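> Below are the chains, spelled out letter by letter.
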Amino acid sequence: MLKLGGKVIRIEVAGGATEVPKGDRTLVVISTNPRLPRSLRERSAYLVRAGVTEIPSGFGHYLQIGEAAKIDFGELENWQRVTSLSDDFSYLEDGDIIRLNSARGEIRVLYRKSSPHNTIMVTEQCQHYCLMCSQPPKEVDDSWLLDEANELIRIMPRGTGELGFSGGEPTLFGERFLETLRLTKALHPGTSIHILSNGRLFADRRFAADYAQIRHPDMMVGIPIYSDDPATHDYVVQAKGAFDETLRGILNLKEFGQKVECKRPAVPPGSREVSVL
Amino acid sequence: MSKFLPPESFAATGAYDLLPFNFTRLEGDSYLATNMVGESLIVDRSTLDDLVNKRLAPSHPSYTDARAKHLIAEKGDKASAELLALKTRTRYQRLQNFTNLHMFVTTLRCDHSCQYCQVSRQSEDKGAFDMTLEMADKSLDMVFRSPSKAVKIEFQGGEPLLNFDLIRYIVSKAKVRAAAEGRDLEIVIATTLSLATTEILEYCRDNHILLSVSLDGPSDLHNKNRPRPGKDSYQRFVANLQAAREIVGYDRVSALMTTTLASLPRVREIVDEYVGLGFEGIFLRALSPYGFAVKTRVYAAYDTEQWLKFYKDGLQYIIELNQAGIPFREYYTTLILQKMFTCADPGFVDLMNPAGIGIAAVVFNYDGSVYASDESRMLAEMKDQTFRLGSVLENTYEEIFLNEKLLSTLEESFTLSAPMCSECAFEPFCGADPVFSHAVYGDVVGRKPASDFCKRNMAIFRHLIQLMREDREVEALFRRWSALC
Ligand code: SF4
Ligand code: SF4
Numbered sequence: 313m314l315k316l317g318g319k320v321i322r323i324e325v326a327g328g329a330t331e332v333p334k335g336d337r338t339l340v341v342i343s344t345n346p347r348l349p350r351s352l353r354e355r356s357a358y359l360v361r362a363g364v365t366e367i368p369s370g371f372g373h374y375l376q377i378g379e380a381a382k383i384d385f386g387e388l389e390n391w392q393r394v395t396s397l398s399d400d401f402s403y404l405e406d407g408d409i410i411r412l413n414s415a416r417g418e419i420r421v422l423y424r425k426s427s428p429h430n431t432i433m434v435t436e437q438c439q440h441y442c443l444m445c446s447q448p449p450k451e452v453d454d455s456w457l458l459d460e461a462n463e464l465i466r467i468m469p470r471g472t473g474e475l476g477f478s479g480g481e482p483t484l485f486g487e488r489f490l491e492t493l494r495l496t497k498a499l500h501p502g503t504s505i506h507i508l509s510n511g512r513l514f515a516d517r518r519f520a521a522d523y524a525q526i527r528h529p530d531m532m533v534g535i536p537i538y539s540d541d542p543a544t545h546d547y548v549v550q551a552k553g554a555f556d557e558t559l560r561g562i563l564n565l566k567e568f569g570q571k572v573e574c575k576r577p578a579v580p581p582g583s584r585e586v587s588v589l
Numbered sequence: 077m078s079k080f081l082p083p084e085s086f087a088a089t090g091a092y093d094l095l096p097f098n099f100t101r102l103e104g105d106s107y108l109a110t111n112m113v114g115e116s117l118i119v120d121r122s123t124l125d126d127l128v129n130k131r132l133a134p135s136h137p138s139y140t141d142a143r144a145k146h147l148i149a150e151k152g153d154k155a156s157a158e159l160l161a162l163k164t165r166t167r168y169q170r171l172q173n174f175t176n177l178h179m180f181v182t183t184l185r186c187d188h189s190c191q192y193c194q195v196s197r198q199s200e201d202k203g204a205f206d207m208t209l210e211m212a213d214k215s216l217d218m219v220f221r222s223p224s225k226a227v228k229i230e231f232q233g234g235e236p237l238l239n240f241d242l243i244r245y246i247v248s249k250a251k252v253r254a255a256a257e258g259r260d261l262e263i264v265i266a267t268t269l270s271l272a273t274t275e276i277l278e279y280c281r282d283n284h285i286l287l288s289v290s291l292d293g294p295s296d297l298h299n300k301n302r303p304r305p306g307k308d309s310y311q312r313f314v315a316n317l318q319a320a321r322e323i324v325g326y327d328r329v330s331a332l333m334t335t336t337l338a339s340l341p342r343v344r345e346i347v348d349e350y351v352g353l354g355f356e357g358i359f360l361r362a363l364s365p366y367g368f369a370v371k372t373r374v375y376a377a378y379d380t381e382q383w384l385k386f387y388k389d390g391l392q393y394i395i396e397l398n399q400a401g402i403p404f405r406e407y408y409t410t411l412i413l414q415k416m417f418t419c420a421d422p423g424f425v426d427l428m429n430p431a432g433i434g435i436a437a438v439v440f441n442y443d444g445s446v447y448a449s450d451e452s453r454m455l456a457e458m459k460d461q462t463f464r465l466g467s468v469l470e471n472t473y474e475e476i477f478l479n480e481k482l483l484s485t486l487e488e489s490f491t492l493s494a495p496m497c498s499e500c501a502f503e504p505f506c507g508a509d510p511v512f513s514h515a516v517y518g519d520v521v522g523r524k525p526a527s528d529f530c531k532r533n534m535a536i537f538r539h540l541i542q543l544m545r546e547d548r549e550v551e552a553l554f555r556r557w558s559a560l561c
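Line by line, the protein sequences are chains A and B. Per the working numbering, numbering through the first sequence is continuous, rising by one, with the last residue being 589. Per the working numbering, numbering through the second sequence is continuous, rising by one, with the last residue being 561.
Accuracy of the hints is not assured; some may be wrong.
[Stated by the list, open to error] If you only want the chain A side, here are some residues facing chain B, beta carbon under 7 Å, derived:
| hint | residue |
| --- | --- |
| 1 | Asn345 |
| 2 | Arg350 |
| 3 | Ser351 |
| 4 | Arg353 |
| 5 | Pro428 |
| 6 | Val452 |
| 7 | Leu490 |
| 8 | Leu493 |
| 9 | Ala498 |
[Unchecked claim] Computed footprint of chain A on chain B; a stretch qualifies when at least three of its residues, placed anywhere within it, have a C-beta under 8 Å from a C-beta of chain A:
| hint | stretch |
| --- | --- |
| 10 | 96-104 |
| 11 | 249-261 |
| 12 | 497-506 |
Worth flagging that the hints you see were computed from the coordinates, not collected in a lab. Here the structure is a predicted model, which means the values were calculated and not measured. Positions of the beta carbon are idealized from the N, C-alpha and C atoms, including for glycine.
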C-alpha cells in the first residue's frame, strides 16, 4: 500500500529565512524534468532523488527524498522552499500533484499521473451513516475541499483518461458541485468522469435536469444499493427514506438520458441481498 | 516443372519515359526532384544525370522509387498517368467547394492602438465604423451562395467584441440558414479578449464559437506591441484566457502571434510564454508589409534574413522542447510538412495555388465592401482599391466573384505557369501570394528572385529538408506533426 499522506520531515526556506510561512496550503505539480521550460518552473516542485547532483534552478519548490541529496541553498532564491520527505514517498513521479501544508508540516498526494483512476474527495459530509463506512462522515464545513478540487482540475495534466469524484456525498454542494463538473468538462474535454454518489439529490428533478444539461459525453454516476428491501437499505445506510429517494434519483437520471451504474456492494451479515432491480 | 515464373520474369526492363518533374540542387551533391502532386525524391548528381538521360539502371535503388512516385513510367505502364491525374484531382479538390472562409469586419473600432495595425480606429462613433444590419444581411446572402458544404464565418475587427450585438444577429441568422440547408457551420471570433465578459463567453460556449486570440509574447513585449488605455493588455489577456478556457473550453481557444521588430531577438521567450500559458503550439508569422507597417517603414527596418533567423531559432527551440518531453508544435512548419508528406492540401490561404484570394476566403468589410482577402482590405486602407471586388449593397454575387481583376490575378499568379515557380522543385509545397506581390512590387506575379515571399519560403523548405536529412528523430517528429491535425 502506498502511503498517500503524512508528515514531512522538514521544510526549509532558502536564503537563510528561518520563518516558514504559516497556514498555507499549496498544490504543486511534481517535475523530474531538468529541462522543463522556465515558464513552467515557478509553478512546479522539482523532485530530487538519491544520487542526483545537478539541480536545475528556478523551480518554485524542491522536494528531496530522505537526506539522499544535498541541495545547495546558496543557489536558490530566498522564496524557494525545500521539503524533505521520507522514503515512503519515493514513488512520486513527474506530473503527480501534492498538497503541502507547511503550517502543519503535512503532505498529501492528490493526483497520480500514472494511475488510470484518480479520484478527488470533495467532501466528508454525507446524509448517510453507513454501517460499514470506512471514513464515517463529519459534520463540518469543508467546502475548501471543493475549492481545492477546482484548483487541482486547473493544474491537472491534459490527457487524463478518467477522473472520479467521491465523498462523503459530493452532490451535497448542489450547484457548486455542478460548476466543478462543468469546469472539468471545459478544461479536460477528453476526460471521462465518474461520480460516486448515493443519488438522493437527483430526486430533485430540477437538480437532475441541471446535471443533464452539462451534456458531458462520458460521465456516469455510480450509486450503491444495498438491498431491494427499502427497510434493509435504509438500515444499512442509517437513514429513513433513503431508498425511496435514491430510486427516484436514478429514475430521474435515466429519464434525462444519463449514465447510471447501480452498485451492489457486499452487505453486512444478516441483511437481504439485492435480487431484482 | 513449376507453374511459377521466377522474379526476373517480372523485373523492370529499364526502358522508360520521363513523366513531368522538376529538380533543384539542395546542399552539396544532392538534388531534390518533385512532381506536381508533391511526390519527391532526393538523389545525387550522377543518379539525376542518369535518370533524366534515361540511363538509370533498373537495379539502382532510386529506379524503383522514381517509378513508384511517378517520375518515370516504363513502356507499358499505363496506370502511372492515371494515378498522377487522380492525385492531381485530390490536390485541387477544395477548388470545387469555392469560398469556405467568410470574414466579417463587424467594426473597425478598437480599444487597442497597435503600432503595426492597418485598420483600427479609436472612435466612439458607432455609425461611421460599424457594419449595419442591412450589410450583414446582404453579406450573409453571399455567404450562402457559396457551394461549400462547410461554411466558416470569422469575425474580425477592429475589436469585434465592441459590436457584439451584430455578432449575435449574424450568428443566429447563420445558424438557421445553415441548419435549413444542411451545411456545417463553424464560427470564429478573432479578438484580443480584453473586453470579454462572462456573458460574452457563455454566449460563445452555448453557440459553439471558437476564439482566436492575440498573444505576442511576454508581458513587456505584448504590452509594447499592443498599447491600450491602462497599459494592461497582457494582464487582461491572461485573466480572460483562463476565463475563456473555463467557460468556452480549453480546446476552443487558440492564439495568434504578430511578429514585430521587438520580437526578433526574443523568439525563445515568446515560445516559452506560449508553453507557460498551456498552448500546444505557436504560429511564427512573418510581419505583413501592409498598412502602417509600410508607411512607418517598420517592414523595411528588418529584412527577410533576420526573420528567417528568428524562425529557425524558434523552430530549433521547439525541437529541443519536444526532445525534453514537452510536446509543442510550430504551425507554419506543420502546414508545409502536410504538403510534403500528404497529397491533401491543408488549404492555408497564404500558401496555396491557385491563390486563396476570393476563392478560399473573402472579406465583408464594415462599409459593405467585399475584399479578396484580409490583406486586400488593408491595402485599401492605404488607398489601393485593386482587390476590392465590389459592394454587397450594389453588386450581385456574380459581379463580385467573377470580378475581372480577381480572375485575371488568379490566372496570372498560378504557380504552375508563373515564371520560375513553374520550374521550381518546391512548387508543390509553395503557393501564390499575388496581393503581397502587388503591394510590394506592383504586379501580381512578381519577379521571384527578388521576392521576399519566394526567398522566405524557399529558405524554409530547404531548411526543413535539411533538418530531416540530418536527424532521423527530427524527421519522425515532423511526421507526427503532419499527421496530427
Ligand atoms: S487589437 Fe487588432 S484591431 Fe485593435 S489595434 Fe491591435 S491589431 Fe488593430
Ligand atoms: S515562390 Fe519561389 S519557392 Fe515558391 S514556387 Fe515560386 S520559385 Fe519556388
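> Hints first: check each against the structure and report whether it holds.
Now the hints, each set against the structure:
1. Interface hint status for A:Asn345: upheld, as the beta-carbon distance to the closest one in chain B is roughly 6 Å, under 7 Å.
2. Below 7 Å, beta-carbon pairs count as interface contacts, and A:Arg350 has one with chain B at about 6 Å; its hint therefore holds.
3. Proximity of A:Ser351 to chain B holds as hinted, the smallest CB-CB distance being about 3 Å (cut-off 7 Å).
4. The restraint placing A:Arg353 at the interface with chain B is violated, with a minimum CB-CB distance near 9 Å, outside the 7 Å limit.
5. With a cut of 7 Å, the hint placing A:Pro428 at the interface with chain B is violated, because the nearest CB-to-CB distance is about 20 Å.
6. Restraint check, A:Val452 versus chain B: the minimum CB separation of about 28 Å is more than 7 Å; hint violated.
7. Interface hint at A:Leu490: violated, since its Cβ lies 14 Å from the closest Cβ of chain B, which is beyond the 7 Å cut-off.
8. Residue-level restraint check for A:Leu493 is violated (minimum Cβ-Cβ distance to chain B is 12 Å; threshold 7 Å).
9. The beta carbon of A:Ala498 comes within 5 Å of a beta carbon in chain B, closer than 7 Å, and the hint placing it at the interface holds.
10. By the rule of at least three residues with a Cβ nearer than 8 Å to a Cβ of chain A, the coverage given for the stretch 96-104 of chain B is violated, with 0 such residues.
11. Coverage of the stretch 249-261 of chain B by chain A is violated [criterion: at least 3 residues with CB-CB distance below 8 Å; count 0].
12. Chain A is given as covering the stretch 497-506 of chain B, and this is violated because 0 residues of the stretch bring a CB closer than 8 Å to a CB of that chain, at least three being needed.
Hint compliance for this structure: hints 4, 5, 6, 7, 8, 10, 11 and 12 are broken, all remaining hints hold.
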